[in-house]
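Chain A is already provided as a structure; the job is to place chain B on it using the hints.
Below, each chain spelled out in residue letters.
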Amino acid sequence: MAEERTQQELQMVAFKLKDEEYAVTIDHVNEIKNVTEITRVPRAPFYIRGVFNLRGKIIPVVDLKKRLSLGDSEVRDDSRIIVVEVGQHVAGLLVDSVTETTRVNASEVDSPNMAVAGIAQQFIQGIAKIGERLLILLALDQIIAEGEIRG
Amino acid sequence: MDTSQYLGIFLDESKEHLQLMNDGLLSLEKDPTHQESLENIFRAAHTLKGMSATMGFTEIAEFTHAIENVLDQLRHGKLTVTPETMDILFRCLDVLEDFVEDIAADRPSDQDITPLVASLQKLQGGSARDGSTQDGSAQTPAGEGAGGRITGSESLAKVVLTDTERDFINQGAQRGEGAFYVFVQLQENCALKSARSYLVLRRMEENGEVIKTFPSSEELEAEKFDLSFAALYLTALNEEEIQTELMSVAEVAEVKVTSFDPAEEGWAPQEDAQQGEMSAAGVQAQTAEAGSVAAVVAAAIPQNGQKQANNGHSNGNHAIRQTIRVDIEKLDSLMNLVGELVINRSRLAQIGLAAKVAVLNEGIEELARITTELQGVVMKARMVPIDQVFNRFPRMVRDLARELGKEIELVIEGGETELDRTVVDEIGDPLVHLLRNAVDHGIESPDERRKLNKPAAGLVRLAAKHEGNQVVVQLTDDGHGIDLEKVRTKAINTGFLSAEEADEVDEEELMGLLFNAGFSTAEKITEVSGRGVGLDVVRSKIQALNGSVSVENEPGKGSVFTIKLPLTLAIIQALLVRVGADEVYALPLENIEEIVNIHVDSIKTIQHQEHLLFRGQVIPIFRMSTLFETPEPEAPKPYLNVVVVRTGNKRYGLVVDRLIGQQEVVIKSLDSMFSQARGFAGATILGDGKVALILDVLNLIV
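Residue numbers (my numbering), protein chains in the order written: chain A, 1 to 151; chain B, 152 to 853.
One chain only, chain A, in its complex shape (with noise of 0.2 Å):
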């Protein structure tokens, strides 16, 4: 894997979930809004804090830090709703903040070894290294995935 990567360059959407940094690369992201009404769904895995309507459809809004097991979100006025989709499923993510969208060298990601921040190994895709920052690459397929929960 890592001679394919030495070439290529990642775009990505920085976010900030308490004082980390994380990112998902930009090819899932399909906008980033403001947090509107989020309808609770009773009965739903923990880590999904409800629906919203996004034009017209309902799309579920994963509550990252529930996910991540980094305790609860509060809805803020910096926080953001990234609108994702992988396969099948159009998701928003509730994050803290959204920093940046920023490009890295594919060298500059390594491959976890081992839990990173307190997260199960399994959710992280790599770590992105730009200048002292680190971002903590999501691996998204494991986030959003069917009803079960994980970690």
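Calculated from the structure, these hints are not laboratory results. Here a beta-carbon is modelled for each residue, glycine too, at the ideal position from N, C-alpha and C. Hints may be right or wrong, so weigh each one.
Not the full set, but computed from the structure, chain B residues with beta-carbon under 10 Å of chain A [as the list claims (entries may be wrong)]:
hint	residue
1	Ser345
2	Phe779
3	Glu780
4	Ser820
5	Ala843
Just the calculated beta-carbon pair ranges, DEER-fashion [claimed, not checked]:
hint	chain 1	residue 1	chain 2	residue 2	range
6	B	Glu480	A	Asp141	22 to 32 Å
7	A	Lys33	B	Ala401	53 to 63 Å
8	A	Glu37	B	Glu785	18 to 28 Å
9	A	Glu37	B	Asp634	52 to 62 Å
10	B	Ile811	A	Asn30	52 to 62 Å
11	A	Lys33	B	Gln724	27 to 37 Å
12	B	Leu350	A	Thr36	48 to 58 Å
13	B	Pro789	A	Ala139	48 to 58 Å
Structure of chain B alone, referenced to chain A:
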């Protein structure tokens, strides 16, 4: 000619023609002398043949041709209708259906038609090898393999015909259609020769049938020709008319029409008067078939519905209406868009109310009126007659009755009743189940029936009708009904009920058991039914459609299954309720029996479950704020709103904090991420843009 774009139309129309043949055969079986049925079958077969030949499905064309030969002899009285004939024809129909299915599934066909073709030929028996021709005048000399020759001046090459093609011409002759060799010269500056040739051929097909082109259609398509090409053409037009017709196509320089004679001698396109009469019908069928393949907008399909409703006897007045075939996906997205519009209308209405601007409100009211109308029209566009399901039953019941040695009279009523196509698509299987049950278990054998002083033929009646916002389908049989004692015994044996419980349950509850999984009272397991999978599947399927099924029974006299279905699945009437501080849920009105306001003291707790005495019955009640672990439940109040809901035989009360009101809601599905969150039929968007969940009353309480 590239025909792939017409495949959908071909499949649709083939199915229609097969259905016509099926209907015809069934009524022919009832009345073997019914000439009209024969003509209908013949016409359908003929059209199918033409269509499949045009589309290049030669196997179907040739097989249909063999069938047509037999049909032709039947309609001219050269053969008589016997049970054996009927069986063979029915088998042929099955094979044709399989052929079409194979094409639809895009898989190679492995049908072996040889034995059936042999049976068909045997039926024709001693008559001429080429049985389709009526008399010598149009007969191709037997044994002639090389085909006819062109007598015209512009002959490009010798025309070599296959047997099928020759038969086409012979049959055309019987209908008063002539065969012509048409030579077309395009203008020298013609830019798209291939497209032009296609247009010319299409124009020809509007009034007849192109049997063959020179060079072949593939070569024409690949532009492998100079400026001229020719075609062998079967039509009721005369030479001059053909000429005029084709010269009107742009960029055509010259058209030469020569009468074509497959046998060189004795060629006589005009037959006697009787055949002249036939020709009108022939041309009509011809035009229909050519048009159907060539034009995307097909001419009206006669409403099969009414025909079926009259039990296939009257083929009466086919009201010709202009129709157009539309991809169902387009209708679906239209429906979605209308849904959006409805939502935004409610939203505007709310803004209007808050703003209190008179002009705005007037505009909104007008918008509301138009939206409602639009919604109605779109819903209607998605409606199809339930006949699409019903019309396969006569054949099925016939086969079933034969297999089981029973006599069944199937009466179908209300086939023209329309409902949403999604519902129609899903309702087939449950109905098949119920029909099989009725024929297999309900109706007694003819001997038994005679002993019981019943007519030997059992009556099975399938009727559909509109009732308010619902469609009611009833299946009645006059068999021996359901033996309640047997149900009781079975319930005890299979552990559904204890012996004591069994003594206490009433008739209604016992009947309800029938719809449970693993419950079948059939004494012997036949191939048809009785394996304990059946009524439960029927029920779950119908409930999935937001419908309900119930059964009434009169021992010894028969039973009635009643299915109630919503007209559409996309929009439902719902009661909006509030739970806790701000959670709004939608309850389908369909499931609501009653809304009561009770004092908290009237609730009794039995085995940790709250119950309420409601109209003489004890029903469990559930507090929605508890069920859903609502974050901010309301403080306890002395009076409670209880919505009594019912689905199947489940009946319970739901305690809600506030009743908001009745509203039409558009159902949207929830992502599969919510598959473990049971109890929701979907979600909807309210006037203020918020999402409300729609409750699934059946699965809400586990």
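Results for each hint:
1. Ser345: 42 Å, violated
2. Phe779: At about 4 Å, which falls below the 10 Å cut-off, the nearest Cβ of chain A leaves the hint on Phe779 of chain B intact, so it holds.
3. Glu780: Where the cut-off is 10 Å and the nearest Cβ of chain A is about 6 Å from Glu780 of chain B, the hint holds.
4. Ser820: 8 Å, holds
5. Ala843: Holds: closest Cβ of chain A sits about 7 Å from Ala843 of chain B, inside 10 Å.
6. B:Glu480 <-> A:Asp141: 22 to 32 Å: Hint holds: Cβ distance 28 Å, inside 22 to 32 Å.
7. A:Lys33 <-> B:Ala401: 53 to 63 Å: 55 Å, holds
8. A:Glu37 <-> B:Glu785: 18 to 28 Å: Since Glu37 of chain A and Glu785 of chain B have Cβ atoms about 20 Å apart, the given range 18 to 28 Å holds.
9. A:Glu37 <-> B:Asp634: 52 to 62 Å: Given range 52 to 62 Å: holds, Cβ gap about 57 Å.
10. B:Ile811 <-> A:Asn30: 52 to 62 Å: 33 Å, violated
11. A:Lys33 <-> B:Gln724: 27 to 37 Å: 32 Å, holds
12. B:Leu350 <-> A:Thr36: 48 to 58 Å: With a Cβ separation near 55 Å, Leu350 of chain B and Thr36 of chain A satisfy 48 to 58 Å, so the hint holds.
13. B:Pro789 <-> A:Ala139: 48 to 58 Å: 53 Å, holds
Going down the numbered hints, you'll see the structure goes against 1, 10, while the others check out.
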